[in-house]
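Student: Chains as they are written, first to last, in the numbering used here: chain A, 831 to 1249; chain B, 42 to 585.
The set of hints was computed from the structure by calculation and includes no laboratory data.
Watch out, some of these pointers could steer you wrong.
[As the list claims (entries may be wrong)] Below, computed lysine to aspartate or glutamate pairings styled on EDC-like, alpha-carbon distance capped at 16 angstroms:
id, chain 1, residue 1, chain 2, residue 2
1, B, Lys390, A, Glu990
2, B, Lys46, B, Asp80
3, B, Lys390, A, Glu1105
4, B, Lys328, B, Glu513
5, A, Lys1115, A, Glu1105
6, B, Lys375, B, Glu398
No experiment lies behind these values; they were computed from the predicted model shown.
Below, each chain spelled out in residue letters.
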Amino acid sequence: LHIAVILPERYRGGTLRGALNITRMLAIGAAACGQHISLSFGHLDEPGLYTPEDFSELRELGVSVRPFRREFVRGELINDLYQTWLPEHAHSSSPEYVVFNDGISNFEDADFWVLVSDRLQACIPPHRPYAVVVYDYIQRYVPEIFGAPEASDPNWHLYEQYAEVTRRAAFVMCTTEQTRRDCITYVGVPGDQVVVFPMEFDLFEYDASLEKKPVTKDPYILWTTNSTEHKNHLRVIDGLEMYFAKHPDSPLKIIMSGVYTHLFSSQGKSDPHYELDWPRKVREKIRTSTEVKQRLKIIGNVSDAEYSSVLKQASWLLHGALYDNGTFSLIEAAALGVPSISSKYPAIVEECRNFKLQPALFDPYDPKSLEYALVEALPKHAEYRSRLPTRQHLTARNYKSLAPEYWTTFRRSMERLVA
Amino acid sequence: MKQAKERFDVAYLGLWPITHKSEGLNVLLCDTIKPLVDDGVQVVVHTTDRHHHRVALALEGNGVDLRKVRVETHRVGSIGLEWIRAWRFPSREGRSLFARIKSRLAPTARWATDVAIWLLDMTLANALVKIPALVLFAVFGMIAGSVTALLAGIALLPLALVYLASNVAIRTLNALKRRFRVAHQLYVLSKRAARPAIARIVPELYRLEQERFARALNRKAPDRLIFFFSAFEGHVVKMLKSRAVVAFPDAVTALFPTRFAGYLASHSLNSMSLAVEHASGLVCYSKFVRDQQLVRLFGPLVSGKPVEVIPQGYFVSDVRRQRSRCELVAALNKQTFRLKNVFPTLLRKPPVVQFGEFDLILYPTIDRPHKNTTTLVRAVEHLIRRRHRNVKLLLTTPAPTEDVMKLITSRRLQYDVLFMPSVPIDTLDLLFQGASLMVHPSLAEGGDIFNFSRAVSVGVPALMANVPVAREMFEREGIAESVYRDWLFSPIEWEDLADKMEWALDESAGLVEQQRATLEKLATYDFRQMARRYHQFCMKVAST
């Protein structure tokens, strides 16, 4: 069996890490189960996008790393071939297909493809069986992230295409029950074709020697976020403002960190996204929230080492999103002994169950609920800390430990759903 | 043995009558006709040639066997009204001119290709035969082609030019309106500019059509009492020499005049007024409509006339139609082709749906300004986005009203609010059986909410807006308020509705059991009795 894991877009960060972990889990899991498989890993061949070090661990596991160019082929050129040798696929023809041209076989030598994300501007040629990994459908719950409602936004049309790619998959791989449900109800994938795979977590080793100087001398709440609307900044600021207005003597500061969060302060002025609607609204909200304004420090996007250091020294971690597929930040905080205050939505509830996390939860749509959670939780710091999961428990969820289960789930799905 | 067969004459007209099966008037008409036909009453439906195919759609769609009904078609229908209708509501399903020509020419092209292959399959042995044949074929082809093209060109050129020009203009406008807001506004403005003139022309054309229809009835059935199942045909009733019984379903246009502005409301009310004035007898579906709408709005015109309140019948549980969950889901998923994309700027095709994988909330209705669909859409949004409930809403309306359209568009609910318009009665039954909850948020109805009995009879709980006719439905049979209070919700509080929907979904089994017990009490009065009462009332009016 030859499986190709393909990263079809210019992903780095979490999605790249996810794709690498999937490949590693398939390799390690199959070997642990005594099964021999070949693995290829495909990524876009663009200068400067990836370095050989990104894939060194895959190579050590015997995975072939194959860069490719993404090409689009007129549907009729391929459909004509199906007329003669694969007529049963004619019904699922498309005006255009995407091809991953690696200059060798276009991955046709693989028996099965795993696409890490559905972000494809055309369909996969229908003779290729594949699985697709999906993370979340935030736009169903927070439609604003796809743009202004008045305009006929291109994001929605692109989503239709992505959904088509997902529906045509032999099976869909997701990591939470909520995303599984969205796949079925929102995208329209038949229920038996959506499989929940175990969610892995790479427990990093904290290196005390790399610890940085504290960002502030006062105790602080680390607010991990990014600049998108579903991160719910306005309501979170309202909740914090309500709390600090009633507790003006609290020594707590707020440190905000995350991708593009520099847009929320004057540091981001030179960024072309500075004048976007949402960052502008958040800046305005900060400006008018006097208590939050004097306590808030935005450190923007920092390196992993720096982030670990800031997190380790935090009193609390704050996560306030309206909806997503869950966040590793709660688990990372727990691993470093930092309790969390988190918004409550299905993926977080699931994550808390899986990782035995017990954060202080609040309704992300209600600032008063955040205020209440702060009032309730902050005096009980020691108690929340003592309820954090053990390091052993978190280690049990890393990719190496989960690999056999991951492979077994994958193999069963293939046996059941791939002709 | 019967001396002479009893007869029931119905007029079927309408400016642009709604033929969809969910339309209440159609449902009621058919539920009146069916039992009468079964009882051996001869039902005669009078209509115009403009309405003929719509009669068939409305009646057959609701399970009336057209072979058992006599349809008298009078050739008085207005062609002009159909033109205006086609202009105002263009068909979206029509294929392009080029696609149609291509498909027509496909067999000829295949034949010509076959001949060409035979001619070109040349060897030394057959060359002597095929070369002359090839030359002949080429020459003949050229001559025939040129002559045909010339003649066709001469004959069709002006027509084709006009057609092409208009087609290109419409397509360009449609394409532009998707891309550029300014062009779209221009398009909307051009249509709007014509509206005042159309608003004057349409009622006049319809009045003239009604008068022709009345003259035709006077000629063909001068001594027959005619039953009008709506009060919109006032000009016919006025000119009719024979007696007329008119059903007065409601006057929602007068109850919510600002919501119906632009819906030819004044024309409708004028027609109603004429119908009430000239009818020999009137039927209402509820006491509320009789007292609060008919008598209050048209008091002097009603006085002294017999007015009968004939409530609608109830759907009773039909165990034979119940299917297993698997069969039901499979049957529903075969109906997904009926889903319609009513948001062409948001979606290229209708959403792909897997019935059985979510709680289906059903609101079978034709959306109009008083149907209060926005409250339901808001509640559904709340359930999905705030409460993370696995639900979708399905509407059977052909198209949403502007408010609903705007709400769905602005909240981007195009994947969670589905439209399955004009479904046949079997599909509607399927939808009811497959639903987890039926919600009827309408602010006004003429009488009983038959979605209630339709849902409960197949084991689906129902919630209804707390409006007088909903209460009357239960009160008439002496059911205590404490029994049905929880099934009603305030029609203006969408958060309350969301709470109630969540409760109904969680407590479905217990709720439907209570509702079933109530329905059993209500269902002692069924459609057969309702139809009998209509017939008896008509006979009574005819004999006085």
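Student: Which hint numbers doesn't this structure obey?
Tutor: 3
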